[in-house]
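Chemist: Okay, here's what each chain looks like letter by letter:
Protein chains: 4
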Amino acid sequence: MSGNTLGTLFTVTNFGESHGPAIGCVIDGCPPGLALSAADIQHDLDRRRPGTSRHVTQRQEADQVEILSGVYEGVTTGTPIALLIRNTDQRSKDYGDIARQFRPGHADYVYWQKYGVRDPRGGGRSSARLTAPTVAAGAVAKKWLKEKFGTELRACMTQLGELPIAFESWAHVAHNPFFAPVADVQALEDYMDALRKAHDSCGARIRVQASNVPVGLGQPIYDKLDADIAYAMMGLNAVKGVEIGAGFASVAQRGTVHGDAMTPQGFASNHAGGVLGGISSGQDIEVSIAIKPTSSILSPRPSIDIDGQPVEVVTKGRHDPCVGIRAAPIAEALLALVLIDHALRHRAQCGDVQVALAPIAASC
Amino acid sequence: MSGNTLGTLFTVTNFGESHGPAIGCVIDGCPPGLALSAADIQHDLDRRRPGTSRHVTQRQEADQVEILSGVYEGVTTGTPIALLIRNTDQRSKDYGDIARQFRPGHADYVYWQKYGVRDPRGGGRSSARLTAPTVAAGAVAKKWLKEKFGTELRACMTQLGELPIAFESWAHVAHNPFFAPVADVQALEDYMDALRKAHDSCGARIRVQASNVPVGLGQPIYDKLDADIAYAMMGLNAVKGVEIGAGFASVAQRGTVHGDAMTPQGFASNHAGGVLGGISSGQDIEVSIAIKPTSSILSPRPSIDIDGQPVEVVTKGRHDPCVGIRAAPIAEALLALVLIDHALRHRAQCGDVQVALAPIAASC
Amino acid sequence: MSGNTLGTLFTVTNFGESHGPAIGCVIDGCPPGLALSAADIQHDLDRRRPGTSRHVTQRQEADQVEILSGVYEGVTTGTPIALLIRNTDQRSKDYGDIARQFRPGHADYVYWQKYGVRDPRGGGRSSARLTAPTVAAGAVAKKWLKEKFGTELRACMTQLGELPIAFESWAHVAHNPFFAPVADVQALEDYMDALRKAHDSCGARIRVQASNVPVGLGQPIYDKLDADIAYAMMGLNAVKGVEIGAGFASVAQRGTVHGDAMTPQGFASNHAGGVLGGISSGQDIEVSIAIKPTSSILSPRPSIDIDGQPVEVVTKGRHDPCVGIRAAPIAEALLALVLIDHALRHRAQCGDVQVALAPIAASC
Amino acid sequence: MSGNTLGTLFTVTNFGESHGPAIGCVIDGCPPGLALSAADIQHDLDRRRPGTSRHVTQRQEADQVEILSGVYEGVTTGTPIALLIRNTDQRSKDYGDIARQFRPGHADYVYWQKYGVRDPRGGGRSSARLTAPTVAAGAVAKKWLKEKFGTELRACMTQLGELPIAFESWAHVAHNPFFAPVADVQALEDYMDALRKAHDSCGARIRVQASNVPVGLGQPIYDKLDADIAYAMMGLNAVKGVEIGAGFASVAQRGTVHGDAMTPQGFASNHAGGVLGGISSGQDIEVSIAIKPTSSILSPRPSIDIDGQPVEVVTKGRHDPCVGIRAAPIAEALLALVLIDHALRHRAQCGDVQVALAPIAASC
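If you're matching them up, the sequences are chains A, B, C and D in order.
First residue of the first sequence: 1, per our numbering; consecutive thereafter.
First residue of the second sequence: 1, per our numbering; consecutive thereafter.
First residue of the third sequence: 1, per our numbering; consecutive thereafter.
First residue of the fourth sequence: 1, per our numbering; consecutive thereafter.
This list has only true hints and no planted wrong ones.
Capping the alpha-carbon separation at 35 Å, the derived lysine-lysine pairs in DSBU-like fashion look like this: (1) 143(B) / 148(D); (2) 197(D) / 316(D); (3) 148(B) / 143(D); (4) 316(B) / 197(B).
Quick caveat, the hints were computed from the structure, so don't treat them as lab data.
This is chain A alone, in the form it adopts within the complex (with noise of 0.2 Å):
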């Protein structure tokens, strides 16, 4: 209810502040039986890892994770698995002048009106750094979801500022900084080497995508499939646009062409990205997402302080110049989670059926 736990079933809670001791979450829901060991966590979190790249953060996390609880013998019992992941690289410093301004674009005035208290250090609970959780029990529902359905999860950056890319590869991603699926990131590299000198940030696109899903999962009216996916991608730090398929593309579509026709060997196309009346049709889901530029940027900003009057702002600090780009892991594991929730609503609804796999169009 207030806002920190995220799906019905299974139900991820997540704790912490950036500057805190620790972060972590608790996993509840979680089918018995799944073998997990921390190193199956663990990697998903090297992906989503500060300071991996000259074009993150620099903050020096290891972000590694001790599981408490919900695992006996490494396995799942059913239980509640606690996951821990403790701050180290948090810097001592005076928080004086942060404590008392509102910088522009963050999150600062409105923890203060809605509070009446706010954890200034890192931006506090409003921080990114919250997002590590989320991936760590991502890494959860994946890797059920693999075994149980053979579901998997992709992501990878289609815009950087200005800049589109072109899609070559899902076999690129994990070879480059940007989770960019293509060969050559000179590009974008050089565009961020400008971006950090002039002292400014940029916004990026990001394509998910999860393939092998069930047909069937998703409820009628509220909770529907996409409405549960747009929530948990708006909901990512930073997000302000969310598509399923065509998007919004499909405004001006015609409905003879973005209804998608069916045959007997599956459908012919993908505009609808993979849900149809808000339930999945076992094609693939398909999810577009809109990241907007970092607020925390060296050039300086007009704001006002806690007794409303005016001064300058110049955020320092340790910041990412494109928050996009560590976007794509977390976006996987909010898909992942979101999944996995309506898996067991509808094994909960139906029963363990065999969900069948619709025929599947070809997809890039």
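Based on the hints, put chains B, C and D in the right spot on chain A.
Modeler: For chains B, C and D alone, coordinates are given in the frame of chain A:
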């Protein structure tokens, strides 16, 4: 859990099928002491009602709402408000063909796969008719928000198919069947007439706005205000994309541009769309949604039947050639429902302190 | 959240007031494919109905249920089942006095304090009449449990005021107005006749049993099966105590006696009442509840009015002198609703494996 | 949904196993601005702690709590409060036998049936050790209730096995290991010494009281205050019965006696136990619970193993011969958690009006 209830503290439990005996909802959590009559609700139902122009479905439904409970002597009592709308214009006919075939772009196939049984009459539960109870509940939410905070909800069409619609004034919206913010809608009339003749359908883009929203609504990590807005909007039938504030345009913006500067007189711009870090800033909430072209069209489409055999489907009956035309009041209702829910959650956490309205920047 | 919804996966959202236009509920989460008609529900409603003997309230209500949604061609579709019961025997009269006075032992005072407004007609929402929708929903739950697991629900009266009722046979319960498990109820008839003449009321003790319950229902820490049973039963109007298995007698038992020994042929006793560590053991679930004497009595009682002034209250109208008499079918319904909810939760977690029935000890 | 979270607005998500690396909880929904330190929580943890007298388990656990989040500069921030307690005295030994056998009266058998896998070390998740996080969370709730309303929570033992304990004074409770409200506990000491020598265990009855509770807490139909209290108490390990106010004694009471008369000076009696129609009346909340004898006893018991073969089980290790002895602080915590949750729910519905305390009748 089964996806028929919206909200956490102000909940709307929706029931009914398009051609069943009745549709309706139960509102739970409405604060006591609100003056409420059926007329308060009927106004918005009439705005959404079918059959009001030649550009929408010709099904005739009075959509008369009956308040079954929760109101005593014209005032809400704090107990559940059950709203009932009888279906009156269900045409009795043979649904044999429809019951065995899957219309492309429709929920037919996925309902059949999910439940193993489906009500094929008029789309059953997947029909957009089920947005009527949402609109009814939204009217109650709007009234409370208006009396408590002076909050105003508005929505208008900003694009019809390929036609962009330049914003002139909110004052025009109530005076044309398109909810268009323009004085002259001849181009829209002509567009729709041509479309109907072509036996085709088109999409639309809708802008939704809430003004006089208190600061501080929304939760920090998962139930962010924008996340819940995205969830509500993407759950509206046919929606394929949701934007908050600058939306997808923010990808190509720089941080120096996007971050809304703060001054003692208020925010200098509203790229954020009224939400910072998932919490309302007191600026206008600005949302834009993409609605796909209607799947029910007279043009024949290739599909399959329940035996997997190829068939050609022609969807007769009474359908909206652009479901976006009636979407404005529904989108307002959804935004109102999200706002009242977060207002009550905020009150639970922080008490009923007078929620300050932030200085508000000029907004069209 | 506002306390009008029971359950988590099989939810019942209850609405209505005693003298409003209608009462009813929306059942969400009922699995698809269950054959269901109004007659299936009416049977239990008739068992609970007022006016069936001289020992209960003489209000005449047919309690005819209408299924508004969720059933197509006699089979549940997996979508919400809305049930409507019109009130027909609300006596129009002046509620002026009752509206200004607080009846001792009633909810009048607390409703007025909580909401600042209350519906005084027949107790409004606090009336035991609102158990009818619970009974209706319970009938659906019972049908599913019976078909799925062979589960049987039964309840009987084991004490009327000071009179203990020795258990003879379940077969007698349907043949007397007290739901008493005895052939001869003359003593109970005489007791009630004397009570009515004395313008007084009395309490009752009810035993509730479920047999053929699968092993494994219930959660480990907070949503234990017995915890949810206690919640459901204590929530029944007038209940002041709940026991599982040996109940309060277990305080004076030794561990060597209380712990039910296990043998290859089954449990050797059932002091646990079918629940171990919060999870069903496959033995009969055994519950006992204490129902207080009705507060609405003809004898004058000292009280206060809404101005805090002393008044003498006499409750006229049509009331049950022992609300426990009609409690048996309600208690069965509540137990059924708890069991189906946990059965679906178990299925979400662990899949639809054939849930084994444990070897069951002899049970009366 | 998986039963590890208590509450709706003030939620406690519990994690851990008896012999795993740690236990703990995440509190979500705690209002901001409450002064809070580990010492505030440690006090109640120490009251519940094992090893403090010869009458309880000799396991040595410091139960030192660490606050991981949600508190900044000694004040709650409105974000999740994660509490961590490391397990330190898990004895490493061979669990081979226990892992293959089911102890009578224990959760062993049902966990194995439910999950297909179980952590047998010290009872795993079913251990009463998991009440420690509940007590820790309850300490936070108590502090807020005390500061907000002056609410006081108290619990004491009123029966030990067959020995009733006459109430003398709350002042004695803190001065003996039994939480007994009497000055002289020699009889209790002797009783327990004899019990241990007999290799047996016994039950206990605990009384729980909350005073200075505002009027108006609780919901009308399903989430009645007494229903949620019954749920919380019955969920405490080993509890088999719950009473509110007069409890089972009300069965034999007449309405003229049971209904608490109201006068301008307050209620004349408290048979209701502080709850009318499911809503607090402002009188003391009075609860009584029955705790069964511990199942872990040194006397040999007949049982079966995982192959269904008969075995004789002797439970060695360190166990409480009467788990009721340490139940008082846990019961207080549970009652506090129910009350704070309903206080926040009430605030959501009706705002933060000063909740009036009703005139309160004399109470021991």
